[in-house]
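Chemist: Chain residues, written in single-letter form:
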Amino acid sequence: MHRFANPARFARLSARALPWAWAVAGLALGSGLVGGLLLAPADYQQGDSVRIMFVHVPSAWMAMFVYAFMAAASAVGLIWRHALADIAAKAAAPLGAGFTFAALATGSLWGQPMWGTWWVWDARLTSVLVLFFLYLGYIALWQAIEDPGKAARAAAILALVGVVNLPIIKFSVDWWNTLHQPASVLRLAGPTIHSSMLWPLLLMAVGFKAYFVAVLLLRMHAELNWRRIRALRLTAGESTDSSHGFATLPAERASL
Amino acid sequence: MTGFLAVLRRDLLLARRHGSGGALVLAFFVIAAALFPLGVGPEPGVLARIAGGVVWICGLLAVLLSLDRLFQADHEDGSLEQLALAGPSLWVIVLAKVAAHWLSIGLPLVLLAPLLGLLLQLPLEALPVLTLSMLLGTPSLCLIGGIGAALTVGIRRGGVLLSLLVLPLYVPPLIFGVAAVEAVVTGLGARPHLLLLAAQALAALALAPWATAAALRLALE
Numbered sequence: 001m002h003r004f005a006n007p008a009r010f011a012r013l014s015a016r017a018l019p020w021a022w023a024v025a026g027l028a029l030g031s032g033l034v035g036g037l038l039l040a041p042a043d044y045q046q047g048d049s050v051r052i053m054f055v056h057v058p059s060a061w062m063a064m065f066v067y068a069f070m071a072a073a074s075a076v077g078l079i080w081r082h083a084l085a086d087i088a089a090k091a092a093a094p095l096g097a098g099f100t101f102a103a104l105a106t107g108s109l110w111g112q113p114m115w116g117t118w119w120v121w122d123a124r125l126t127s128v129l130v131l132f133f134l135y136l137g138y139i140a141l142w143q144a145i146e147d148p149g150k151a152a153r154a155a156a157i158l159a160l161v162g163v164v165n166l167p168i169i170k171f172s173v174d175w176w177n178t179l180h181q182p183a184s185v186l187r188l189a190g191p192t193i194h195s196s197m198l199w200p201l202l203l204m205a206v207g208f209k210a211y212f213v214a215v216l217l218l219r220m221h222a223e224l225n226w227r228r229i230r231a232l233r234l235t236a237g238e239s240t241d242s243s244h245g246f247a248t249l250p251a252e253r254a255s256l
Numbered sequence: 001m002t003g004f005l006a007v008l009r010r011d012l013l014l015a016r017r018h019g020s021g022g023a024l025v026l027a028f029f030v031i032a033a034a035l036f037p038l039g040v041g042p043e044p045g046v047l048a049r050i051a052g053g054v055v056w057i058c059g060l061l062a063v064l065l066s067l068d069r070l071f072q073a074d075h076e077d078g079s080l081e082q083l084a085l086a087g088p089s090l091w092v093i094v095l096a097k098v099a100a101h102w103l104s105i106g107l108p109l110v111l112l113a114p115l116l117g118l119l120l121q122l123p124l125e126a127l128p129v130l131t132l133s134m135l136l137g138t139p140s141l142c143l144i145g146g147i148g149a150a151l152t153v154g155i156r157r158g159g160v161l162l163s164l165l166v167l168p169l170y171v172p173p174l175i176f177g178v179a180a181v182e183a184v185v186t187g188l189g190a191r192p193h194l195l196l197l198a199a200q201a202l203a204a205l206a207l208a209p210w211a212t213a214a215a216l217r218l219a220l221e
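Chains as they are written, first to last, in the numbering used here: chain A, 1 to 256; chain B, 1 to 221.
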């Protein structure tokens with residue numbers, strides 16, 4: 001794992017992986033959208049509203065997957081002081097918040113015609129809303145602490161504490177008898193969804209995941225570059241300070 | 001153990017001699033709950049329906065309000081560093097501080113809860129369960145809140161951030177605490193909810209001091 005801790009090697013490898021991730025995301029999302037919006041049949045009960053599912057379900061999966069990824073990266077960063085893992089966790093958080101918001105918004109749009117209400121306080125919806133606030137808290141904690149090293153570890157502790165919410169979301173529809181339907185794809189007994197709807201859904205899921213990987217890599221690049229710029233600025237500031245004619249002791253300069 | 005007792009005694013003594021802090025939190029608890037009849041109207045039926053939730057939410061907010069002083073004062077005057085350097089592990093000290101916090105804030109809230117329930121027209125048979133659910137729930141609130149307090153200890157204007165961090169984590173105790181009261185009102189057994197509350201408290205007791213100590217160590221660097 002420490003082989004990938006080198007930022008230069010990471011930049012090289014990820015630059016090579018990035019176009020592939022974009023290609024997979026574009027292909028899967030394109031074909032998934034065509035399949036979901038045009039080819040898949042309308043549901044016999046829900047009509048064309050069922051097509052919201054092709055965005056809603058992958059978003060909801062990603063909302064939980066990104067949090068799990070973030071927590072795993074946080075654990076790696078916390079235990080092995082792996083700087084790239086910290087950056088990965090930080091870069092993933094706004095994406096996860098975005099997916100969570102998308103899942104909530106599309107669910108609400110679907111719920112209006114189907115359940116007759118924009119929002120119900122059932123267990124699944126509430127726990128996903130809590131997940132959204134966990135993401136926001138995580139992002140806010142990163143922004144509140146100036147020193148990136150400290151911020152990373154504080155945020156990692158918070159991310160790991162928040163993991164308790166994930167099983168609650170996953171099993172909320174089984175534990176509590178609520179309005180949100182139970183899982184119909186990831187079941188031991190096989191999916192209860194017809195194959196004509198299943199394949200666009202899976203394509204969309206692959207597309208969402210590839211999109212996540214692509215944007216994650218981009219954001220990590222941006223963060224690494226930002227840190228490099230900051231380090232350069234700091235050293236540049238140091239040299240202009242000494243050119244002002246203020247005598248700085250060598251020891252003092254070294255400590256800056 | 002002696003370290004635990006020493007910190008516990010010190011914090012309880014500080015809480016008693018400072019005096020006003022704990023009393024203010026209790027005053028907040030009562031005032032906040034008293035606002036609800038004004039907000040939703042004084043009809044006994046409506047109040048009885050929401051009383052459990054109101055008491056729980058006001059108690060939860062009262063704990064939240066008191067959290068920022070949990071480590072802040074000790075951090076500012078440097079005694080937190082001294083405590084961290086002292087013999088016992090940091091999590092023991094955290095546990096002692098949270099225990100003192102619960103004894104000086106959480107326990108009075110629990111004792112006040114049936115009174116507020118009575119004022120809010122909660123049926124008499126639900127009062128013991130409300131008290132019991134608060135008794136089992138407030139330790140979780142203090143322990144989980146300790147994590148948030150430790151994470152925000154060195155941060156300026158950490159109060160708002162603290163509530164954003166902690167409130168999502170307060171959802172499980174709130175759900176089962178209110179569900180227990182509701183179960184009694186509707187004639188079902190409150191036992192499963194109370195057992196789940198107790199389980200949460202035990203899990204928090206096992207895990208939270210550890211996370212809190214890790215967060216405090218960060219602040220002390």
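Read the hints as simulated data drawn from the structure, not as lab findings.
Hints should not be assumed to be uniformly reliable.
No farther apart than 25 Å at their CA atoms in a straight line, the calculated lysine to any residue pairs in the SDA-like style are these [as the list claims (entries may be wrong)]: (1) 150/A x 196/B; (2) 170/A x 86/B; (3) 150/A x 31/B; (4) 170/A x 229/A; (5) 209/A x 230/A; (6) 209/A x 175/B; (7) 209/A x 150/A; (8) 150/A x 175/B; (9) 150/A x 167/B; (10) 170/A x 77/B; (11) 150/A x 220/B; (12) 209/A x 231/A; (13) 209/A x 25/A; (14) 150/A x 76/B; (15) 209/A x 45/A; (16) 209/A x 102/A; (17) 209/A x 196/A; (18) 150/A x 132/A; (19) 170/A x 196/B; (20) 150/A x 86/B; (21) 209/A x 115/A; (22) 170/A x 76/B; (23) 170/A x 117/A; (24) 150/A x 133/A; (25) 150/A x 77/B.
Chemist: With reference to the structure, classify each hint as holding or not holding.
Modeler: Hint check results:
| no. | hint | verdict |
| --- | --- | --- |
| 1 | 150/A x 196/B | 35 Å, violated |
| 2 | 170/A x 86/B | 43 Å, violated |
| 3 | 150/A x 31/B | 39 Å, violated |
| 4 | 170/A x 229/A | 41 Å, violated |
| 5 | 209/A x 230/A | 31 Å, violated |
| 6 | 209/A x 175/B | 33 Å, violated |
| 7 | 209/A x 150/A | 30 Å, violated |
| 8 | 150/A x 175/B | 33 Å, violated |
| 9 | 150/A x 167/B | 23 Å, holds |
| 10 | 170/A x 77/B | 45 Å, violated |
| 11 | 150/A x 220/B | 11 Å, holds |
| 12 | 209/A x 231/A | 33 Å, violated |
| 13 | 209/A x 25/A | 8 Å, holds |
| 14 | 150/A x 76/B | 19 Å, holds |
| 15 | 209/A x 45/A | 30 Å, violated |
| 16 | 209/A x 102/A | 14 Å, holds |
| 17 | 209/A x 196/A | 21 Å, holds |
| 18 | 150/A x 132/A | 23 Å, holds |
| 19 | 170/A x 196/B | 18 Å, holds |
| 20 | 150/A x 86/B | 23 Å, holds |
| 21 | 209/A x 115/A | 29 Å, violated |
| 22 | 170/A x 76/B | 42 Å, violated |
| 23 | 170/A x 117/A | 23 Å, holds |
| 24 | 150/A x 133/A | 22 Å, holds |
| 25 | 150/A x 77/B | 21 Å, holds |
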